[in-house]
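These are the residues of each chain, in order.
Number of protein chains: 4
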Amino acid sequence: MENTSQAVILVKCPDQRGIVARLASAIHDTGGNILDAAQHTSESTNTFLQRIHVSWTDKNVTQESFQLALNPLIESLQLDLQIKWGEEMQNVAIFVSKEDHCLHDLLLLQRDGALHCSISLVISNHLDLQDVAAKFNIPFHHIPIDDACAAEEEQLKRLKENNINLVVLARYMRIVSPKIISSYEERIINIHHSFLPAFAGGKPYHQAHEKGVKLIGATAHYATVELDAGPIIEQGVIRVSHKDAIPNLVHKGRDIERTVLARAVRWHLEDRIIVHANRAIIFE
Amino acid sequence: MENTSQAVILVKCPDQRGIVARLASAIHDTGGNILDAAQHTSESTNTFLQRIHVSWTDKNVTQESFQLALNPLIESLQLDLQIKWGEEMQNVAIFVSKEDHCLHDLLLLQRDGALHCSISLVISNHLDLQDVAAKFNIPFHHIPIDDACAAEEEQLKRLKENNINLVVLARYMRIVSPKIISSYEERIINIHHSFLPAFAGGKPYHQAHEKGVKLIGATAHYATVELDAGPIIEQGVIRVSHKDAIPNLVHKGRDIERTVLARAVRWHLEDRIIVHANRAIIFE
Amino acid sequence: MENTSQAVILVKCPDQRGIVARLASAIHDTGGNILDAAQHTSESTNTFLQRIHVSWTDKNVTQESFQLALNPLIESLQLDLQIKWGEEMQNVAIFVSKEDHCLHDLLLLQRDGALHCSISLVISNHLDLQDVAAKFNIPFHHIPIDDACAAEEEQLKRLKENNINLVVLARYMRIVSPKIISSYEERIINIHHSFLPAFAGGKPYHQAHEKGVKLIGATAHYATVELDAGPIIEQGVIRVSHKDAIPNLVHKGRDIERTVLARAVRWHLEDRIIVHANRAIIFE
Amino acid sequence: MENTSQAVILVKCPDQRGIVARLASAIHDTGGNILDAAQHTSESTNTFLQRIHVSWTDKNVTQESFQLALNPLIESLQLDLQIKWGEEMQNVAIFVSKEDHCLHDLLLLQRDGALHCSISLVISNHLDLQDVAAKFNIPFHHIPIDDACAAEEEQLKRLKENNINLVVLARYMRIVSPKIISSYEERIINIHHSFLPAFAGGKPYHQAHEKGVKLIGATAHYATVELDAGPIIEQGVIRVSHKDAIPNLVHKGRDIERTVLARAVRWHLEDRIIVHANRAIIFE
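As you go down the protein sequences, you meet chains A, B, C and D in turn.
Numbering that gives the first Met the number 0 puts the first residue of the first sequence at 0, with every later residue one more than the last.
Numbering that gives the first Met the number 0 puts the first residue of the second sequence at 0, with every later residue one more than the last.
Numbering that gives the first Met the number 0 puts the first residue of the third sequence at 0, with every later residue one more than the last.
Numbering that gives the first Met the number 0 puts the first residue of the fourth sequence at 0, with every later residue one more than the last.
Just chain A, same shape as in the assembly:
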């Protein structure tokens, strides 16, 4: 290990006195410098949560030695610890159907360096967006879902063989199978085109128009087996009026969908999210 190495440490443990100081000291003892730290205490569950961004210039620290150094604390403080090393680039799979505004946005942001990841493949139940993937030189897999079991198997195979760390449902208009959801817990981000919990399920813009709301929204959340009910990562809204027929709502909604989804994906990739008690805590 030659140059500076970095890691983000995500901490969950029962709340108790002294956690911050003891963790900071342990990190300091390995030669680590705390570039940023943010914490939150959930009062209802008495749980302490923290995100710590550390750098080392010391050539002697390794992932193993650092883990070893923290072991005593892990035991005494009952830490649930995730350590994400800066060197590890995450592999992302994007699922789409026919609409490409979210896909385009993610591809452009990744290309511009705003999303630190490798986009490994695009999976779709339709052929429409094959061209878009091709323009960005991303492998495209057409997996129709006529046979749901075969589709699930094929999807899982593609995710496994590409060592996918994060699945982004970028307006994928089909339900992802429970098996895939449980295999990628807290690693599947979906964009739903409403301000959840309002208008869960199908055709949210039609529902919004019917109800006559004055704002429409979008919600990025981790997928869970219960539809549109997983931990909410980010939300946004935009003003609408009676002048906006449904096609207008769809057009206006696109801007919100793509920006909300892009923020959620970025936060995930930067290890800024801890899910606790079905809520996503964002250390922005």
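In case anyone wonders, no lab produced these hints; they're calculated from the structure.
One or more hints might be untrue.
Chain copies aren't distinguished; within one or between two, either way the pair holds.
With a cut-off of at most 16 Å between alpha-carbon atoms, the simulated EDC-like pairs for lysine to aspartate or glutamate come out as follows [stated by the list, open to error]:
(1) 97 to 130
(2) 156 to 74
(3) 83 to 35
As the structure is a computational prediction, the values presented were derived from the model and not from experiment.
Given the coordinates of chain A, assemble chains B, C and D onto it according to the supplied hints.
Just chains B, C and D, lined up with the frame of chain A:
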């Protein structure tokens, strides 16, 4: 009639060719000048809606003569017409419970001329806000709701004897009786402290906290017998995070509640709202 | 002329009684149906402004016959009238430099039918975005500006030979020559990456960072010879904090720039803008 | 000292490795528990900034003993340290002229417990708001500014005799003297009714109307001798259109002014602000 007189005309009729021109001509023939006009066509119901703001300097026009002049059109175009004359000041009753931020805001706005109305009385099921009403010299009626029937009767009596045109439920934490609602159809505005249809019913900030939403909202709507389901007039949201415990949500929500309610009340008083097919069309 | 024809009529004239009714009648007499109408009176200049959207099913109306029918009114009311016929597709030229987020957005929106126009060509002082234009099959002209006079001449030639109606400066980082600006008055839309009039001129995000503002913005405006001072069409802002270093401001700003520019371009193409007294009135 | 005591520690020092860990350890050694901590590094000035919220249940810690415990670190790390003890209630003076929306809001928020301070007095160059102060039982001092020197002297006297910690200029329409500004550096918060740096100086809503902006704003900032140029604490905007004449801008602006000012005052009172290099860092 000496000086300029003004009226706002709210129009509903089956959509057909020529309505705008024929109405404009008829108004012009009475000496009226169209200061502002805005229209909307509901495609789903094939209904034409329009708001026309007219002024006359001609001394000979009267409410009766104007109505007479429009009668032929009313028949031939099947117009559902409301004419609101500028001279008629609306009388407003405000219902409150214990929280005073909305009440204060409405009283201050009315005093500053931003709400063109007379605030005739404040009705509450508690005594807490008697002082606030007193500071602004508004009669305060304490109507406890232990006996629901007696309360309803007393409320109705107060509304009738004050010739109330508009009832504002400014964080009145009780259900208004169906009898009152049907007596003041489209003339009772409620503020609900959530982004409806999400979190209807009780304790919306608790529901929002539980769900982990990233924005909280407020909704002003006309009261209907179905709770929190009447036509939505205005909505607003404010950003929140995991750092916001419920008391914080309550504090943040107050700003949104009062501004959303104030806008809805102003639009109603300026005759900018037409309710059609359970949706409130705002001619802003 | 076989089917329905449509036009948007933009009106400017000295304010006076009866304009709305007389115009509506004149239009009605040609068989026109007023689909939408919105008006504004500038008190300071005593000027009446109106946008009227008309449709005809009558096969006998032509651009000439309609113009003839309005001539008497034009004279008596001193109307400054623009009539935009729905059949006429506008030709758009997009100027860019190196950044492609606005270009991509306009190309995608046009492709999806959200911008009713033909994008005729992309002009750039750099070669970077040649590929993007190619992907969308839009002719790309590389016009370096080493020789300012030659560049101006070449730009003008390209605009003329393509019958360009609207020029969009989509993060074109050079000043457009006064000659071009005066040839395309109120037909060149620029996006400036600040909330004007704050931070006009170069490097607005650096200026914003230096000043420590809590919101950054973008402004779409018609280009005039005075830099960043033309009539403002649309503005938007996004929240920032001390955590946002300049590259972050640039990234956050992109979302605002593209959405603000796209809205401005759409409003222009839908003939929703009247410029009066250096202000852009938007009939949204 | 019997029960839990709390403090907020605001830290500024040259950036260097190990600050976070060494401070956390030092605090831990006094029996302190870190309830919250947030940090920021200014790259351009190589300065480390941190806000640490600490609680002690240990009865033996005192302000003196804690200060003593930190002294070695203060020297070795060159810490510029401010320690704000939770027991110390801040005394606030509010300066007003004729408009009362900000004053009302601050008084209501303080009464409701949302602003943790004592509002000691209201100072005005007019008598208009004497009643408002009286309703809330706050001493009101009418200090006309015909004689600027006498006014300054009287204002300073009132501030001193009330041990004022924070001065809030809640739409005080006069310039505060340089002597007062330098006596209360970073302890005078002003609300300016524009999105600074746009429209500094007088009549910002008139300037905004003239310019035709599509959003108006408000800015809360620390007062410095240079007018409207001090460190920006918070900003907000609201959408406007050509329909909004100046009185409407004034009305719409009020909501933004009061909410922006209230947030800035709250952050100051909760010791969430560090001013560095003329920028206000907010640890929200």
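Results of checking the hints against the structure:
For a Cα distance limit of 16 Å, the shortest separation of residue 97 from residue 130 inside one copy, 12 Å, qualifies, whereas the shortest one across copies, 23 Å, does not. For the identical chains of this complex, residue 156 and residue 74 are neighbours neither inside a copy (37 Å) nor across copies (60 Å), given an alpha-carbon limit of 16 Å. In this assembly of identical chains, residue 83 and residue 35 lie within 16 Å of each other by CA distance solely inside one copy; the values are 14 Å within and 23 Å between copies.
Of the numbered hints given earlier, the model fails hint 2 alone.
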